[in-house]
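Keeping their order, the protein sequence lines are chains P and V. Just so you know, the working numbering puts 212 at position 212 of the first sequence, and the rest follows in order with no gaps. Just so you know, the working numbering puts 23 at position 23 of the second sequence, and the rest follows in order with no gaps.
Derived from the structure by calculation, the hints contain no laboratory data. Some clues are possibly wrong.
Stated by the list, open to error - So the derived list for chain V, only partly shown, Cβ under 10 angstroms to chain P, looks like this:
(1) Glu28
(2) Phe77
(3) Glu80
(4) Pro81
(5) Glu83
(6) Val110
(7) Tyr112
(8) Ser115
(9) Val124
(10) Ile133
(11) Gly141
To be verified - Label pairs and their computed distance ranges (CB to CB):
(12) Gly141(V) / Lys239(P): 40 to 48 angstroms
(13) Ser53(V) / Glu235(P): 35 to 43 angstroms
(14) Asp55(V) / Gln126(P): 54 to 62 angstroms
(15) Lys25(V) / Gln176(P): 18 to 26 angstroms
(16) Asp148(V) / Lys239(P): 38 to 46 angstroms
(17) Asp148(V) / Gln126(P): 44 to 52 angstroms
(18) Ile270(P) / Thr120(V): 47 to 55 angstroms
(19) Ala48(V) / Gly150(P): 36 to 44 angstroms
The beta-carbon is built from N, C-alpha and C at its ideal position, and this holds for glycine as well.
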Amino acid sequence: MSNLIASQKVMKHYLSALLTEDAEADAVVQEEQKKQQLNALLAQAVVSAPEEKKVEVKPPVVLPTAVATETDALATLKAKFAAAEQSQHLQQRDVPVAERLTLAPPNETPKPSIAAVSPVEKDYRQGKFQALFFDVAGLKVAVPLKELGGIHQIAKINSLIGKPDWFKGVMLYREQKINIVDTARWVMPEKYDEDFQQKLNYQYVIMLGNSNWGLCCETLVNTFVLEQDDVKWREAEGKRPWMAGLIKKHMCVLLDVDAMIDLLNRGLDISA
Amino acid sequence: MSDLTKQSAKKNAAADIVLQWVTFKLQEETYGINVMQVQEVLRYTEIAPVPGSPDYVLGIINLRGNVVTVIDTRSRFGLEPAEVTDNSRIVIIEAEKQVIGILVDSVAEVVYLKSSEIDTAPNVGTDESARFIQGVSNREGELLILVDLNKLLSDEEWDEITSI
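Excised from the complex, chain P in its bound form:
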């Protein structure tokens, strides 16, 4: 609808420009023609003694050409106008009524939506699946093995200025630049203080899928085979999108890797 309004405005401007320019041009042309004819008339006039000769004054010449020009110009204008109007009508018809009538409120901003992959589409939502369990400051977290991009030992992390607190920095691994997440800080920002930080002993980086994001962890626990019933799957949309579910037996979180990557890419943490 806004496109239609915009195109209507453009059309109005175009039409008004058409009318203004042509009318002005025609007026100038007519003026010139009149002048020329007047000059011609003056040149023809013969000056003589008033008593002896009668000055033949020819009656003012009717200007059929001027009138014809005016008529032509008007006709041209009208034709252009009609064509433009018709095209506008066509544009209007091209836009379905429903679309034209539907108007988004001007101040409404679209709510950011987390990349939603249907749970059914995920491999681990069918049958048995394996998950890697790792530990971060006493918190056990699991990630489906098929969504694990790799595990690296922590090496030198280059900090980047102006990044969120949970963004530890960039670690170079061969040709890859891995964005390192301080997992404890991301998951438990309220507990994270100086003492907490000092107790952390990150040793590994858990790569999320094919992304450049890596989660720090302290220890790797194990991999387990899980059944669908072993997990209490998250059902409430919008809440804790990074969590695929809760693993009942181990009482720990199973990560939704895609949702987590999306949150990280947007610079959001668990409080988002």
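With chain P held as given, fit chain V onto it using these hints.
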């Protein structure tokens, strides 16, 4: 090879231009600045503080009769202050048509980087200091963080510097 292919190859080669970057260290991180903006590198010299100047201004130095304002780079980058050492340097740069000095922990070397070797930094964080980073590059196993000096200060801050 057809003319079109030759032209395309030329364009590609031209696009991957090599730039020189002066590298310096701040808190164990290596940063790079475009060599064209670097006028000279000085050993640390006494900086005269200017009362009433912004907190990111360390003061002024006399450079062959010219007054040059020296910026506290650590402060601008949100880093903790550190003691001046024998390796500390003042890099005299030209940015936004002004000549200023930036105090760094040390100056390393001039490196050559192709534009294809420069990656964009991860686009997270809205902190104003994030705007300094022009890109990153993997240089012999070390991350080089490329800095856009023109964005070191805002327009208002550049104007403020002029009046010091």
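Satisfaction of the Ile133(V) interface hint, Cβ to chain P closer than 10 angstroms: 7 angstroms, holds
Can we keep the Val110(V) interface hint, with Cβ of chain P closer than 10 angstroms? Interface hint status for Val110(V): violated (20 angstroms vs cutoff 10 angstroms).
Tell me if Tyr112(V) is really an interface residue toward chain P, meaning its C-beta lies closer than 10 angstroms to one of theirs. 19 angstroms, violated
Quick check: does the Cβ-Cβ distance between Gly141(V) and Lys239(P) fall within 40 to 48 angstroms? Given range 40 to 48 angstroms: holds, Cβ gap about 42 angstroms.
Classify the hint on Glu80(V) as holds or violated, based on whether any CB of chain P lies nearer than 10 angstroms to its CB. Constraint on Glu80(V) not satisfied, violated at 12 angstroms.
For the hint on Glu28(V), just tell me whether its beta-carbon gets within less than 10 angstroms of chain P. Constraint on Glu28(V) satisfied, holds at 9 angstroms.
Would you check whether Ser115(V) satisfies its interface hint, that is, whether its CB is within less than 10 angstroms of any CB in chain P? 17 angstroms, violated
Satisfaction of the hinted span 54 to 62 angstroms by the C-beta atoms belonging to Asp55(V) and Gln126(P): 59 angstroms, holds
Quick check on a hinted range of 36 to 44 angstroms for Ala48(V) and Gly150(P), using CB atoms only. 54 angstroms, violated
Under 10 angstroms is the threshold here; is the Cβ of Phe77(V) close enough to any Cβ of chain P for the hint to stand? 5 angstroms, holds
Please check whether Lys25(V) and Gln176(P) have a Cβ separation lying inside 18 to 26 angstroms. Holds, at about 24 angstroms.
Is the interface hint for Glu83(V) satisfied, with its Cβ closer than 10 angstroms to some Cβ of chain P? 20 angstroms, violated
Hints 3, 4, 5, 6, 7, 8, 13, 18 and 19, counting from the list given before, are not met by this structure.
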